[in-house]
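Respectively, the protein sequence lines represent chains A and B.
First residue of the first sequence: 1241, per our numbering; consecutive thereafter.
First residue of the second sequence: 1241, per our numbering; consecutive thereafter.
Where hints are given, some of them may not hold.
The list treats identical chains as one, so a pair stands whether inside a single copy or across any two.
Dumping the calculated PhoX-like pairs for lysine-lysine here, alpha-carbon to alpha-carbon at most 25 angstroms [as the list claims (entries may be wrong)]:
#	residue 1	residue 2
1	1802	1852
2	1714	1798
3	1818	1574
4	1801	1574
5	1758	1574
Because the hints were derived from the structure by calculation, they are not lab data.
Source: prediction; values computed, not measured.
Number of protein chains: 2
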Amino acid sequence: MFKKFKEILIGKPLKSSADDSHLLNKMQALAMLSSDALSSVAYGPEQIILVLMTIGATAIWYSIPIAAVILLLLFALIMSYTQVIHAYPSGGGAYLVSTENLGTIPGLISGGSLLVDYMLTVAVSTASGADAITSAIPELYNYNLEIAIVLALILMFMNLRGLRESASFLMIPVYTFIISTFILLGVGIFRILSGSLPYQAPAHIGTSIAGVSLILILKAFSTGSSSLTGVEAISNAVPFFKRPKEHNAALTLVMMGSILAFFFAGVVFFAYWMGIVPQNNVTVIAQMAKGLLGSGPLGQLMFFIFQFSTALILAVAANTGYSAFPVLAFNMAKNKYMPHMFTARGDRLSYSNGIISLAAGAIVLLLIFKGETERLIPLYAIGVFTPFTLAQVGMVIHWKKRLGKQFIWHSIPNILGALISFAVVMILLIFRTAEIWPFFIVLPVLIFAFIRVHHHYVNVAEQLRLREGHAEHKFDGNTVIVLVGNVTNVDLGAINYARSIGEYVIALHVSTKENTRKEQEIESEFEAAFPDLHLTVIRTNYRDIIAPAVRYISLASKNAKKRNYTTTVIIPNFIPSKPWENMFHNQTGLRLRVALNSHEDIILASYNYHLKK
Amino acid sequence: MFKKFKEILIGKPLKSSADDSHLLNKMQALAMLSSDALSSVAYGPEQIILVLMTIGATAIWYSIPIAAVILLLLFALIMSYTQVIHAYPSGGGAYLVSTENLGTIPGLISGGSLLVDYMLTVAVSTASGADAITSAIPELYNYNLEIAIVLALILMFMNLRGLRESASFLMIPVYTFIISTFILLGVGIFRILSGSLPYQAPAHIGTSIAGVSLILILKAFSTGSSSLTGVEAISNAVPFFKRPKEHNAALTLVMMGSILAFFFAGVVFFAYWMGIVPQNNVTVIAQMAKGLLGSGPLGQLMFFIFQFSTALILAVAANTGYSAFPVLAFNMAKNKYMPHMFTARGDRLSYSNGIISLAAGAIVLLLIFKGETERLIPLYAIGVFTPFTLAQVGMVIHWKKRLGKQFIWHSIPNILGALISFAVVMILLIFRTAEIWPFFIVLPVLIFAFIRVHHHYVNVAEQLRLREGHAEHKFDGNTVIVLVGNVTNVDLGAINYARSIGEYVIALHVSTKENTRKEQEIESEFEAAFPDLHLTVIRTNYRDIIAPAVRYISLASKNAKKRNYTTTVIIPNFIPSKPWENMFHNQTGLRLRVALNSHEDIILASYNYHLKK
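Build out the structure end to end from the sequences listed, making use of the hints.
Put into structure tokens, the structure is as follows:
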């Protein structure tokens, strides 16, 4: 029944070989991999304005020069990641690039940051998606958190179904968003040109505003740079592209960069032009859309379409986390830095454990931060720009190794990217400590855990390896101990089996002395049933039979070893015809198994007698 | 560590033989067994007044004649249970008396009612205890429910420690309550006689009050009869008395009945005389105590002592449930109507499972009814008077069987008790349906469950019994299948063992075809390590290795059977040096065990290789 239910939720199991056809063309790849970056325009510009608003609406014009710097950073990152694609066609990603060029610890820092970051991707995107929905439907305003959690769960199930289905399914919302944003910005440009969109900025560009400090500008810049999260996604996913993989991936990356630049610039500009001020219940981008599209019936319809495509692309953005996290976890698990279970693929070929862990992490984050985007953004930014910086530095080293002295020319985009990314990290570190401190607790804990896990696996592999010149050992026989409770068919079967494998069979009964008559009864029944086998009875003053049984068995095992015999303990067990009936019977067998598991050289065997009704 | 913690909570394990010295003398027995009945005066009279108050304070004088009828019922019950003590010296109780004289189903009705009822005893007593505490300390008023739950848990741990310790421990609060109530009522009588207690009854006895109907009187009577809950406790516990058991038990019962009658009559009378009207935050008995003792410093001290001794005796009353429930569950489990686990005694010789189940049930009831006594009382009353009625009818049958025609004289108290108890049941059934309906859902479900459990045990015993002329079977050999993953020390050990027990050893490897190179590597490693053993490789298109392994194993088992061989499957397993490290390794072994458990004639053995570090 569980199996059926699982099939309905995530689909029928797929063969391992079914994997090859799951490759993405450019259109699908853009849908799958650019949503994280593109959807950032739904919250990135708003974050800039929110910081500036602490001075007042007149300070908003600063968003224009700040946006220009962010666009420069975007350009450097796109150039830089184009190089990563060519340098690491098997799927680069900050973890791999950092590990290979900078060493284990920087690699683990990148990996750990990204794992946390993908959880934040899911949390931020689903929370913003919920905001987009409630901006259009004010009645839902109090259910933001619940909507975000449901979105995260829906995405989890979709991803458990497998990658390709998701890709084709996701193309619709992404392209709806791209097209409708183009239309929206087009309408805006047309209205400005035709003079029908009044200029309402609270202050002109260049006006000097009292209270604006460099710190404020840097704060606004660092949070606004959260619009650039997700540009690395394509470079991690090169193996999923159709051939020629690298070429297609690079083209997709440039395409995505151009669209993002246009959207980001457009939103910041119109927010400034229209004098939009952040509100509690309605996002900046929703206010902008409402203003540009007007309140006519067509305008209203288009506004709803825009809001829902925004919500949908945010959901797809969350999905980027779902495709990236499990792959990263797989890579780290393959290098023995994460538990082995992250390498296992589920019925639908997806890395189920990674997907489920991600969803759980994101939901925990949503609950801790009550689904409030602005509290999640600083953490998100530090989580992104830390591995960005490390990956760019890694690329510089990479070029130096490969090209020698000539490396400097190839490295320019990387050096630029590294510097700006590092600047963002430092700004966050210095000016937003109050928001990002949890990152500096979680990350060291993660890295410590990675190292411990690695140590464990290496240690186990070492101990398990067959040594040169290991020898098979020939035993002379087998001592078999059968535990007897009452004398039943189960014991009959178990003793028959014991005699088939053992040279020396011991039937063992533990009496709790509470009922001497009962003990004598069992002894005489046993003698009648098995006249040629002696029943060894041990007595205990307590009710627990486990401890005395274990004591006797270890003694017997020691004796067996002296004679070069192996020791087998048989626990006779009956299996009720209905599984739930097990609860009516005591679990002594199970407890004995647990107790004996810690004893070396004792083999535990269960003899199961199946009841028919 | 768990063991240490458990020892601190419930004490060191006791030997089974330590049981005999746990017998009770009369003083201890009165403490242990009368608290339920005596403590009822803390809520019983209030319940009568609460019902009458629906008409108005003037109706309160009716509590006097109602109390008279309840005292008559008490007298009949005490007489009747004295007879039960002599007829069933091994511990009567409604379950036993009903089963023996009326048959299985009436017995199960009694047993089921009482099991529920003991949970209600705990719930009502702890809730009333919490009320007594908050009547004295108004600051705690909002924590009634929490206080009640904590009381139930404290009692649970005390009972897990064992019976005797509880008895001596409980004597102090019970006797403090008895003495302080005597003092309280004595003060009241003295003040009336000395004329210093003004008569403030809202209406004289006999005043005709508009709106008082027979229905109201019957309702008040039926809830007031909850004061009689617990009078059966002594008759269930005869075996725990010191010799002469029956004599001592009967004496204790009469003693208890007299004290209860005096206390109940006193509280009803003073509540009437002083014109006490129920309040939300202060119990009737607390108002009475406050009024009688006055507001001087000595009076206030005495008031506090009285309230806390009330709270304590209510806690002890809850304890009656803890001593009765496990014994009843044990008796029903011995008759195979409840799961076997209720017959098992814990480290401290108490029936741990019964004690824990009772606490859990009581806490669930407290949570459902939010700890409100007046909502629990009607259920409590129906749960008590149903088995009362059945037990009394059973006694009539008992006398008829033993004495023939003469039975009528012996039966008079039983017939009287049966009739009044039955009247209470009918009144509750007709006039308090809205409150008691859950009882008529829970009881049939319980009885159905008892019958199913019984059927299951009888059925299993039947199937397990060795038939006359059963024969031992001699096998010709043993096929051993060893599951091989990677080729490691674990496999070496497992194969050595397999060869010691098996005539025919199969090494089986399931390949998931995801990595052909890996498969070839394993094959050649295996050949190098075990040149004289062939590695059977089966391939699967899916990632799950369980299903193909099980298919192969069942086939091998069929072949083995044809040759009169047994089949053993060995699952090589390594045990990490630290238990938590298990989570880093996949649980294929465990899953295979579960899958193979349903296959007959396959013996599962675990070969454990212990890692040293």
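Checked hints:
| no. | hint | in the structure |
| --- | --- | --- |
| 1 | 1802 to 1852 | between (42 angstroms within a copy, 22 angstroms between copies) |
| 2 | 1714 to 1798 | within (17 angstroms within a copy, 28 angstroms between copies) |
| 3 | 1818 to 1574 | between (41 angstroms within a copy, 22 angstroms between copies) |
| 4 | 1801 to 1574 | neither (40 angstroms within a copy, 42 angstroms between copies) |
| 5 | 1758 to 1574 | between (58 angstroms within a copy, 14 angstroms between copies) |
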